[in-house]
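**Q** The listed protein sequences derive, respectively, from chains F and X. Taking this note's numbering, the leading residue of the first sequence gets 1, the next gets one more, and so forth. Taking this note's numbering, the leading residue of the second sequence gets 1, the next gets one more, and so forth.
Do not rely on the hints blindly, as some may be mistaken.
Examples of chain F residues toward chain X, derived with CB under 7 angstroms [said to hold, decoys possible]: (1) P29; (2) A94; (3) A95; (4) V102; (5) E111; (6) F114; (7) L129.
Over the 12 angstroms line for every Cβ pair with chain X, so calculated as not near, a few chain F residues [unchecked claim]: (8) S36; (9) K38; (10) S57.
Short, incomplete list of chain X residues facing chain F, as computed with Cβ under 7 angstroms [said to hold, decoys possible]: (11) A13; (12) V53; (13) V56; (14) T57; (15) L86; (16) A104; (17) L107; (18) D108; (19) L116.
By construction, these hints were calculated from the structure, which means they are not laboratory data. Every residue gets a Cβ at the ideal spot worked out from N, C-alpha and C, and that includes glycine.
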Amino acid sequence: MDDLSGRASADESTVFRERLNWLFEHVHPPKRGPYSNKEVAAKIAGFGGSLSDSYISLLRTGKRVNPSDDARKWLARSFGFPEKFFDDEEVAAAALQQFAAVKSVKQAGIESVFYRMIGLSSDSIAAVLKEVDRVRELEGLPPASD
Amino acid sequence: MWSSRRQQPEILAQLKLPQVASIRDLRHEETRRTGRAVHIEAAETVLGRRCGVCYVTENAFYIFYDPRTSRAHQDHVIGHEIAHVLLGHHEARRPSEAVPQGFAPLLDPALVEMMLARSSYEEAEEHDAELLASYLYGRVIEHRLRNASPPGDDTQERIAHTLLSRREAER
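Chain F on its own, in the form it takes in the complex:
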């Protein structure tokens, strides 16, 4: 997950393609496979955007590069990620970290969480991840994978 962010040296279009494929691979309801290009196209149409599934396919394989700003926003949004996900390193890194935190909470079998807090910085997300790992350990679960 970390390798998706902070890759300043990599080609921009490669970063875009890898991030897009990462979304497809990781962001889908539990107990079902990844969304299809068609499903994502339908989702985008659902909130008023417009991208064809064949174009999405070309973007994923790298046969088309540099999609429009709108296309980038729509693709990120269709997965529930922030619109700047493809363009802003900081936003992307923070979103990935938050995704990991939610996922680890789920994987640890945590039903709910009570906090006394004001805001949640990336430092405190790191603390959350540490605590969730500890919960896993105490629950006798293997360390978080992925």
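Please build the complex by placing chain X on the supplied structure of chain F, with the hints as guidance.
**A** Same frame as chain F, but now just chain X:
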């Protein structure tokens, strides 16, 4: 959280808590009431931002507090987390409320809810059980129809299959 100080005694009276020497000892009462272990542990967090946290699993409550504060403050923090449970806040929470608002502010709340949805495997199990039940039912019917006719009777066979497929279609 109570709205005015006047309500405090009433809430306390309703909870019927035992006398304890330390607020930390309330963990035993919590275990008695919920059947879940209560684990209290120090965990350094970002000072000034978060004081205490309670993770709830099927088996236990895990309370973490910041050890870099005074004992009195720690007790207050632990008391706060225990209070959540005594007030039943861990029960009947929808997945969307399982983690506090602002836990993943950059992600679409619908995505967070989807990820936390507990229904995934439970619903799958329900579905599988339902499916198997209908197969079993179909087999019982088929068995009955077959036994009612001599084997190799094409007409009977066809009727049986028609009945079965109609039953399938009605479902």
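**Q** Work down the list of hints and note, for each, if the structure agrees.
**A** Hints versus structure:
{"no.": "1", "hint": "P29", "in the structure": "holds (5 angstroms)"}
{"no.": "2", "hint": "A94", "in the structure": "holds (6 angstroms)"}
{"no.": "3", "hint": "A95", "in the structure": "holds (4 angstroms)"}
{"no.": "4", "hint": "V102", "in the structure": "holds (5 angstroms)"}
{"no.": "5", "hint": "E111", "in the structure": "holds (5 angstroms)"}
{"no.": "6", "hint": "F114", "in the structure": "holds (4 angstroms)"}
{"no.": "7", "hint": "L129", "in the structure": "violated (12 angstroms)"}
{"no.": "8", "hint": "S36", "in the structure": "holds (17 angstroms)"}
{"no.": "9", "hint": "K38", "in the structure": "holds (19 angstroms)"}
{"no.": "10", "hint": "S57", "in the structure": "holds (23 angstroms)"}
{"no.": "11", "hint": "A13", "in the structure": "violated (24 angstroms)"}
{"no.": "12", "hint": "V53", "in the structure": "holds (5 angstroms)"}
{"no.": "13", "hint": "V56", "in the structure": "holds (5 angstroms)"}
{"no.": "14", "hint": "T57", "in the structure": "holds (5 angstroms)"}
{"no.": "15", "hint": "L86", "in the structure": "violated (12 angstroms)"}
{"no.": "16", "hint": "A104", "in the structure": "holds (4 angstroms)"}
{"no.": "17", "hint": "L107", "in the structure": "holds (6 angstroms)"}
{"no.": "18", "hint": "D108", "in the structure": "holds (3 angstroms)"}
{"no.": "19", "hint": "L116", "in the structure": "holds (6 angstroms)"}
Of the hints listed earlier, those the structure fails to meet are numbers 7, 11 and 15, in rising order.
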